[in-house]
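*Asks:* What follows is each chain in one-letter form.
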Amino acid sequence: VSACGACLRRSRLLVELGGVLDCRAGDRRRLLELLAGDSDELVDALGGRRKAALRAVLARPQQELDRAGAPAVCRHRQGFPVALAGPEAAHLLYLAGRPGCLDEAAAAPTVALIGSRRPSEYGIEMARSLARALAASGSCVVSLLADGIARAAREGASREGRAGMLVLADGLAASGTSHGSEMTAHTARGGCAVSELPPGRPGRRWGAIAAERTVVELADLVIVVEVEHTPAQLFVAEHARASGRVLAAVPGRSTSHLAQGPLALLREGAKLVRGPDDALELLDLDPGHRGRSNGSSPAGLPPPLRRVLERVAGGHDTPEQLLGGSDCGSVLAALSQLELMGRLRRGRGGRYVVCA
Amino acid sequence: MLARAHAFTIDGFHTHHVTVEVDVRPGLPAFVIVGLADTAVREARERIGAAIRNSGYEFPARRITANLAPADVPKAGPGLDLALACAVLAASGQLSGRRLGEVALAGELGLDGSVRPARGTLAVAEAARRAGLRTLALAPERFHEASLVGGLDVAPVRCLRSAVRVLGGGLPDSTVVAPASRGGRRRAAGAVRLDLGDVRGQVLAVRALLIAAAGGHNLLLSGPPGTGKTMLAQRLPSILPPLERTEAIEVTRIHSLLGGEVPGLIEERPFRAPHHTITAAGLLGGARAGSVGEVVLAHNGVLFLDELSEFSRPVLEALRQPLEDGRIAIARAHHSAVYPARFMLLAATNPCPCGSAGEDERCRCSEADLARHRRRLSGPLLDRIDLLVNLQRLARDRSEAPRAMSSGRARALVVEARRRQAARLRDDGIALNAHMDARTLGLRVQLELRAERMLHSACEVGLVSARGEHRTLRVARTIADLDRSELVRASHMGAALALRPDFTQVAGAAAVHGGVLG
Numbered sequence: 019v020s021a022c023g024a025c026l027r028r029s030r031l032l033v034e035l036g037g038v039l040d041c042r043a044g045d046r047r048r049l050l051e052l053l054a055g056d057s058d059e060l061v062d063a064l065g066g067r068r069k070a071a072l073r074a075v076l077a078r079p080q081q082e083l084d085r086a087g088a089p090a091v092c093r094h095r096q097g098f099p100v101a102l103a104g105p106e107a108a109h110l111l112y113l114a115g116r117p118g119c120l121d122e123a124a125a126a127p128t129v130a131l132i133g134s135r136r137p138s139e140y141g142i143e144m145a146r147s148l149a150r151a152l153a154a155s156g157s158c159v160v161s162l163l164a165d166g167i168a169r170a171a172r173e174g175a176s177r178e179g180r181a182g183m184l185v186l187a188d189g190l191a192a193s194g195t196s197h198g199s200e201m202t203a204h205t206a207r208g209g210c211a212v213s214e215l216p217p218g219r220p221g222r223r224w225g226a227i228a229a230e231r232t233v234v235e236l237a238d239l240v241i242v243v244e245v246e247h248t249p250a251q252l253f254v255a256e257h258a259r260a261s262g263r264v265l266a267a268v269p270g271r272s273t274s275h276l277a278q279g280p281l282a283l284l285r286e287g288a289k290l291v292r293g294p295d296d297a298l299e300l301l302d303l304d305p306g307h308r309g310r311s312n313g314s315s316p317a318g319l320p321p322p323l324r325r326v327l328e329r330v331a332g333g334h335d336t337p338e339q340l341l342g343g344s345d346c347g348s349v350l351a352a353l354s355q356l357e358l359m360g361r362l363r364r365g366r367g368g369r370y371v372v373c374a
Numbered sequence: 016m017l018a019r020a021h022a023f024t025i026d027g028f029h030t031h032h033v034t035v036e037v038d039v040r041p042g043l044p045a046f047v048i049v050g051l052a053d054t055a056v057r058e059a060r061e062r063i064g065a066a067i068r069n070s071g072y073e074f075p076a077r078r079i080t081a082n083l084a085p086a087d088v089p090k091a092g093p094g095l096d097l098a099l100a101c102a103v104l105a106a107s108g109q110l111s112g113r114r115l116g117e118v119a120l121a122g123e124l125g126l127d128g129s130v131r132p133a134r135g136t137l138a139v140a141e142a143a144r145r146a147g148l149r150t151l152a153l154a155p156e157r158f159h160e161a162s163l164v165g166g167l168d169v170a171p172v173r174c175l176r177s178a179v180r181v182l183g184g185g186l187p188d189s190t191v192v193a194p195a196s197r198g199g200r201r202r203a204a205g206a207v208r209l210d211l212g213d214v215r216g217q218v219l220a221v222r223a224l225l226i227a228a229a230g231g232h233n234l235l236l237s238g239p240p241g242t243g244k245t246m247l248a249q250r251l252p253s254i255l256p257p258l259e260r261t262e263a264i265e266v267t268r269i270h271s272l273l274g275g276e277v278p279g280l281i282e283e284r285p286f287r288a289p290h291h292t293i294t295a296a297g298l299l300g301g302a303r304a305g306s307v308g309e310v311v312l313a314h315n316g317v318l319f320l321d322e323l324s325e326f327s328r329p330v331l332e333a334l335r336q337p338l339e340d341g342r343i344a345i346a347r348a349h350h351s352a353v354y355p356a357r358f359m360l361l362a363a364t365n366p367c368p369c370g371s372a373g374e375d376e377r378c379r380c381s382e383a384d385l386a387r388h389r390r391r392l393s394g395p396l397l398d399r400i401d402l403l404v405n406l407q408r409l410a411r412d413r414s415e416a417p418r419a420m421s422s423g424r425a426r427a428l429v430v431e432a433r434r435r436q437a438a439r440l441r442d443d444g445i446a447l448n449a450h451m452d453a454r455t456l457g458l459r460v461q462l463e464l465r466a467e468r469m470l471h472s473a474c475e476v477g478l479v480s481a482r483g484e485h486r487t488l489r490v491a492r493t494i495a496d497l498d499r500s501e502l503v504r505a506s507h508m509g510a511a512l513a514l515r516p517d518f519t520q521v522a523g524a525a526a527v528h529g530g531v532l533g
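Residue numbers (our numbering), protein chains in the order written: chain W, 19 to 374; chain R, 16 to 533.
What the hints contain is simulated information worked out from the structure, not anything from laboratory work. All C-beta atoms, glycine included, are put in the ideal place defined by N, C-alpha and C. Where hints are given, some of them may not hold.
[What the hints assert, rightly or not] Part of the chain R face toward chain W, derived, beta carbon under 7 angstroms:
#: 1; residue: Val218
#: 2; residue: Leu219
#: 3; residue: Arg222
#: 4; residue: Pro366
#: 5; residue: Gln407
#: 6; residue: Ala437
#: 7; residue: Ser506
#: 8; residue: Ala513
[As the list claims (entries may be wrong)] Here are a few chain W residues that sit away from chain R, every Cβ distance over 12 angstroms (derived from the structure):
#: 9; residue: Ser57
#: 10; residue: Asp58
#: 11; residue: Glu59
#: 12; residue: Ala70
#: 13; residue: Ala74
#: 14; residue: Val75
#: 15; residue: Arg93
#: 16; residue: Glu106
#: 17; residue: Arg135
#: 18; residue: Ala164
#: 19; residue: Glu286
Same shape as in the complex, but just chain R:
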């Protein structure tokens, strides 16, 4: 007898609909699973057999063949257990298969027949709705996550018997697991929100942080130790606007794919700050099938690289593709996947190995040291930095320095500037100035004549390169948005030029042996 059930398998960021076909016929007892199943799926035979028996049903002592269609798509993980078990019961006549075609089944089975959550519930729920299925039966722990997707009945089932009951037209189990925070994860329990108002002095850096947050620009903070680079960076999330609904779904989906519990829609922008010893696999993902890196976890949020010059060169170079394309394509011998990775890069570094460059006689680094330090940072990655701020030690007593504006006020300015950008860029399919390409820049950025002249002369005297010209235009546009101006004026352009990244100050050259004079 043949039975069909519906399930889903996760492949990278995407979900594939899997039709589970089970055929039970006379023959020597055997349970064969075909259809590019991975080890976890093949091991399901043992789990399913025990779960069926321990739930009070009979595991057919016949030849059982399970086919996972389409046969050319790899199936991974234990999330197909529930669908396989239900299909076996239906094929052996212990379950009415009437509703089997309308219900998506997701969950791992325990040996006692309990249903455990599987990773990627949100993605599965979205795929189930797209596939036209009415109901999704899954472990109660994932009820709230699946409920984020509208237009789908979510049926929590605690065990195999409950799943059989639901498939027979009965009621699902109640959701005994309450969400940690109804309506989304706002903040970790006990965590204190850092406020921009804690910062004293560093007016330029605060201004740059505001511009970066408003336009989604990449920002590099450079300065001696103790000038507040990390303090400023940690306060960036407090001035970023909450995620839009579509962004929130994407972020929640990524966290769901990792297998962690997602109590609700994630509303806060991710802020990832990996340690500088991180490997390329840790940053990008792909260490094993389905694993994602920090760039993916920072999607729609901020990736903060503290002590940028301490990161290995290959790791920094690997950031080029996600910074350029807003996605990361991972190809390995047995799997390949594409994940979204559109984030704002925030980096902090010392200006030289001893950290005192720019403070003339305090710096102990030679020209060669400076050149070596700059070489570690130079290259295409720095070419993608939009704003550079050099922080200096505060000259006077820190307690006398003025406080920065509060995070609430800064956030309001950022939200307003982003709203203006979104309205202007609506037809271009982007929402932030930082994502404007050359064509969009030409169409959407209107320059005052003086501003245009300033930019041209900056190009002529070599202050900015061709790529730098576009970068300056984007930043100037954001400054104008913060200033509520539709026209980019000379003052906006001047400020953008003053914040331009300029990495040519330290030139590298080998030292001459022996002599003391230059």
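Isolated chain W (complex conformation):
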């Protein structure tokens, strides 16, 4: 453990104040302001009638606090990510992963991919391909341990053998739980997992908001893939902008409710990301070594395969729509060949998605 006693005590204090913080989670701005305060300010603001008991927590000896069991690093020790130097940032992070993984992650350009937990196939494919290209070019992809865009980003980065950084809304999970298995798999692939709460602590409403804030603060570039245009969904993007991060958004279909968030951000000045090239350009990275990710161009394909790929890209994404008088067998064979070449992927409901 490389954390000072004050930060370890603060971590315990946050656990004790969990219920009260949850009540304040409705106002995200206010919550982050509260978390920016030191331990005494937290007790004064939220302690109520439990102030004495909470001050007793702050008086515990460090040896007792060190028994949490997981490595931790605090803002007062070497090794803590420099990106988390802001006043609203986490004070301490519990770590899982091989030694030095946090340093390695912090040394690389870091990109956060954020978006809806219920994205469309398009959103999933964009997040996956962006993460894959970024990981291939040496960036560290940071994401929440959550479904949707975050999961797609993890999967994309893992395909290039760079699992990136995972931020948990709850304590580092024990193996056997669904989060534990996912976290273990992530660290086994060389990734790093961090959490603000002591190991084994269940997720809290405020913890999820705090984790989202940590994700964007760890990043140099924040890319919003698909979110609805609501204050809650766009809060993290606003926080990224306020923290001085480069904010970018992936445009979607203007009729889709999931595209309204990114489109609003773009109108307000966020950078446009149409694909991996734009993201790499924003990071000023060489797009040269992106492996198989740059596969969307139909040039170089035999004409029958190119025709099918172009039709899928044009929205004819089911075999039924692709047939249109063609021989069923030849269309199916073309789809399989494109899938084997990594140009297409079969998504939900049997719809084909062009791999970016």
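Take the given structure of chain W and dock chain R to it, following the hints.
*Replies:* The following block gives chain R in isolation, referenced to the frame of chain W:
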């Protein structure tokens, strides 16, 4: 005095030869039946006594001992009544026992001496022929069923007196009951045959149905409500070829064992579609001794499970053995039996609880809902599905969509493809590509080099598993058969890969509390 008669008892799908020995000797009047008889057989004492008296014979007021040999085989049902009554009459000197050793007797007796049909006539007739007996005397209602077995004289007897006459060398009764359809049950009266040509659009699903029918592959249709899954499934029987003679005998025998009237050889493949509330006992059988489930009734035919995700998990899991082995072994405390259950599984399901998965913004299900839905379907059962078709709502006006080929044409293609398979697999003891094991696949499936490369790269990139590789090979072989090709080409392999079951699209993970972003 001792007399012997021949009868048969049904044990599951099998028939046992029973020698009915009756000894009548002086003593206090009693009628004892020994030899592992069940309640129905023991109650025969009352029926036999009344039937003998009401037929004008004398029921001996002596000690009567009936032994049903072999003594260690359980005897069930009332089908032994006629044999017991005739043996009693022979042992008491009222009947010449000369022909008793040559005639098999099957039937239940009424109190007035009438002979009623017993279940399993076809199985009894087959067993009688195997046992070397020349004649089978039975109720007239079962005459046509027993006549399906060649090399056996079937003597219909309406009552005990008729049976005595036949055993004395006289003529049997005439068959007054005409078969419902001479030559077999083709279709229920008034039933309209559904035609594949009624289907508009859904070209891929129709193609998959054709492949499944040709190779006997298991097929899952997945799609939102109203896309025609059930409509397609109901038309599958119309493109299946009629049963072969040996298959027809097996199917008819199963229906005969159930006790229903079988007017002739069943020629149409069974199509069973149980409701999703069915229990494991209903699906597999074994609720009571001799009862069979839907999987047995679907033998040599189709088992259609509509709304697959609504079936209980234990019921679906129970399908694993019949799908793998083509038979079902039922073991209970007091009985066990093995029945044939080789069927083609056809299933239909919605892609998610709300039914709109794959139609991006129409689906209201969360990741957790999707994962839960997939968990209900996942596992070894889905591992035995050969083909998966995702149906989508038709984008344009349904009336403008092209019609599928007619059932007659599709059936001709299926028959031709099956003929090719049967010829190729003749030496392997199987008739369909779906039944090929790993060894047979290695011997009988010849791949073009490009097709082989495609399959290898599909394995390498993880599109198919090791089990999936065999499954893809079988399906590709069937597509090649439909294409009249001896070699599995790249186009066949590509189509098989495109129709492969892929259940990994929805990953399950618990949601994080509180936050809104993923």
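*Asks:* So, for every hint listed, does it hold in this structure?
*Replies:* Evaluated hints:
1. Val218: 5 angstroms, holds
2. Leu219: Hint on Leu219/R: holds, closest Cβ of chain W at ~5 angstroms, below 7 angstroms.
3. Arg222: Hint holds; Arg222/R Cβ to chain W Cβ min 5 angstroms, cut 7 angstroms.
4. Pro366: 5 angstroms, holds
5. Gln407: Check passed: Cβ of Gln407/R comes within 5 angstroms of chain W, closer than 7 angstroms.
6. Ala437: Violated, about 23 angstroms.
7. Ser506: Hint on Ser506/R: holds, closest Cβ of chain W at ~4 angstroms, below 7 angstroms.
8. Ala513: Result: holds, 4 angstroms to nearest chain W Cβ.
9. Ser57: 23 angstroms, holds
10. Asp58: 26 angstroms, holds
11. Glu59: Consistent with the label, Glu59/W stays out of reach of chain R, its closest Cβ about 23 angstroms off (over 12 angstroms).
12. Ala70: 29 angstroms, holds
13. Ala74: Fine: 28 angstroms to the nearest Cβ keeps Ala74/W off the interface.
14. Val75: 23 angstroms, holds
15. Arg93: 23 angstroms, holds
16. Glu106: 16 angstroms, holds
17. Arg135: The claim is violated: Arg135/W sits with its nearest Cβ about 4 angstroms from chain R, within 12 angstroms.
18. Ala164: At roughly 4 angstroms from the nearest Cβ of chain R, Ala164/W sits no farther out than 12 angstroms, so the non-interface label is violated.
19. Glu286: The claim holds: Glu286/W sits with its nearest Cβ about 18 angstroms from chain R, beyond 12 angstroms.
In the structure shown, a violation is registered for the earlier hints numbered 6, 17 and 18, in ascending order.
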